[in-house]
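Engineer: One line per chain: the protein sequences are A and B, in this order. Letter by letter, the first sequence follows residues 1 to 152 of my numbering. Letter by letter, the second sequence follows residues 1 to 182 of my numbering.
Keep in mind that the hints are not guaranteed to be accurate.
Restricting the straight-line Cα-Cα distance to at most 20 Å, the calculated cross-link-like pairs of lysine to aspartate or glutamate (EDC-like) are [to be verified]:
{"hint": "1", "chain 1": "B", "residue 1": "76", "chain 2": "B", "residue 2": "119"}
{"hint": "2", "chain 1": "B", "residue 1": "88", "chain 2": "A", "residue 2": "64"}
{"hint": "3", "chain 1": "B", "residue 1": "76", "chain 2": "A", "residue 2": "62"}
Bear in mind the hints are in silico, worked out from the structure with no lab data behind them.
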Amino acid sequence: MKSKLVKIIVALVVIGLIYVGYMWFMPHRDIQSTKAFKTIGATALVNEFLTDKESANQLYLDTEGESKVLIVSGTIAAISTDQLGQQVILLKDSDEKMGVSCTFTLETNAQTSNLAQGSNIRVKGVLRSGAEYDEDLVLTENVILEKCSIEK
Amino acid sequence: MKNLLLILLTFISLTAFSQAKLTTTSGHIKFFSSTPAEDIEANNYKVISNLTPTTGAIVFSVPMQSFEFEKALMQKHYNSSKFLDTKKFPKSKFNGTISNMADIDLSTDGSYEAKVTGELTIHGVTKKIQENLQLTVSNGKVTGQTSFDIALADYGVVFAKGKPSTNIAKTVKATVNLDFNK
Numbered sequence: 001m002k003s004k005l006v007k008i009i010v011a012l013v014v015i016g017l018i019y020v021g022y023m024w025f026m027p028h029r030d031i032q033s034t035k036a037f038k039t040i041g042a043t044a045l046v047n048e049f050l051t052d053k054e055s056a057n058q059l060y061l062d063t064e065g066e067s068k069v070l071i072v073s074g075t076i077a078a079i080s081t082d083q084l085g086q087q088v089i090l091l092k093d094s095d096e097k098m099g100v101s102c103t104f105t106l107e108t109n110a111q112t113s114n115l116a117q118g119s120n121i122r123v124k125g126v127l128r129s130g131a132e133y134d135e136d137l138v139l140t141e142n143v144i145l146e147k148c149s150i151e152k
Numbered sequence: 001m002k003n004l005l006l007i008l009l010t011f012i013s014l015t016a017f018s019q020a021k022l023t024t025t026s027g028h029i030k031f032f033s034s035t036p037a038e039d040i041e042a043n044n045y046k047v048i049s050n051l052t053p054t055t056g057a058i059v060f061s062v063p064m065q066s067f068e069f070e071k072a073l074m075q076k077h078y079n080s081s082k083f084l085d086t087k088k089f090p091k092s093k094f095n096g097t098i099s100n101m102a103d104i105d106l107s108t109d110g111s112y113e114a115k116v117t118g119e120l121t122i123h124g125v126t127k128k129i130q131e132n133l134q135l136t137v138s139n140g141k142v143t144g145q146t147s148f149d150i151a152l153a154d155y156g157v158v159f160a161k162g163k164p165s166t167n168i169a170k171t172v173k174a175t176v177n178l179d180f181n182k
C-alpha cells in the first residue's frame, strides 16, 4: 500500500517537472514552417487596414501575439538594415504612400542578397501591426511583417 | 544677376534642408525588468519616429507585438489580455515637443540634451511624461538615445497575484535608440 502511494507521488512529481520544463523551454513559434493564412498583394493588405482598422486587427492579430502568417507579394521599394543587422525590405507600389515593411532574420538575411529595387517578390512572415496614417502625429506607418523569408 | 539667382537658390535649398523632418522606421526599444526571481528583457527594432527641427515636435509609434523575448511563454504572457493586450492595443504612441530646441543645432556635430515633454499612450492609457533625450550629431547623421522608467500600474497593467506578480517588476526600464534618416 505504502509503495503504491510512493509510486503515485513520484509519478506526479515527474509529470510536474516535465510540465514546468515544457513551459520553460517552450520553443518560439516557427514562422517558416507555419502554414500561411493567405496570399495577398502589399497594397491590398495596406488598404484593408486603412479602410477598417478594427476589423483588420480583429482578423490578423492574435491575443497571445501569434498573429497571422501571410505571404505578401509586391515590388521592392527599398532595402535597408536594422540596428540588429536584419535586412528590411519595403514592398510598396510606386504611386502608394504606404507599403509592407518586411524584416528578415539573421538566419534568412542571405536570401535577400541578390534582390534589387523594382523587382517583384513574394515574402512570407508574421504580421505584427497594420498600416496607419495618423493625422495628428503626421505619421505614415507601413504594415509590419517580421521573421520573413522569400517565398518562391 | 545669374550669380544672385544661384546664391538665392542655394540659400533656399539650404533652408529646405535644415527644415527637413528627421525620420526613422528602425528605432530600437528595449525594456528590462528586474526582480529577485528573474531578469526579463525584450527587444523591438520597429520603432517609428519623426522629429521636426523647426518646431521641436517629436513623435513615436511602437508596434507592441514586435517585442521579442528570450522565452516564448513570456512573450505569450506579455501579449495576452491580462498584460499589454496587444490585440486590442497594437501600438503605443508618444506625441511631444522638445522645449529647448533653440539650444540645439542639428546641423553641427555635437551632443545635445533635449528636454522632451508630451503624452505617452500605452495599453490605451495616456499619461504626461517629461524625459531627457540625448541627441548626437556625427558627420551630419542624427541619433537619439534615452532611458526612462515606466510604472506599469500607471498604464493600467497590474497583476495582483501569481507568478507574474513576483517575477515582473512593478517598474520597467525602457531604453530607446533612434537612428534618424537611415
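Engineer: Of all the hints given earlier, name the ones this structure violates by number, lowest first.
Structural biologist: 1
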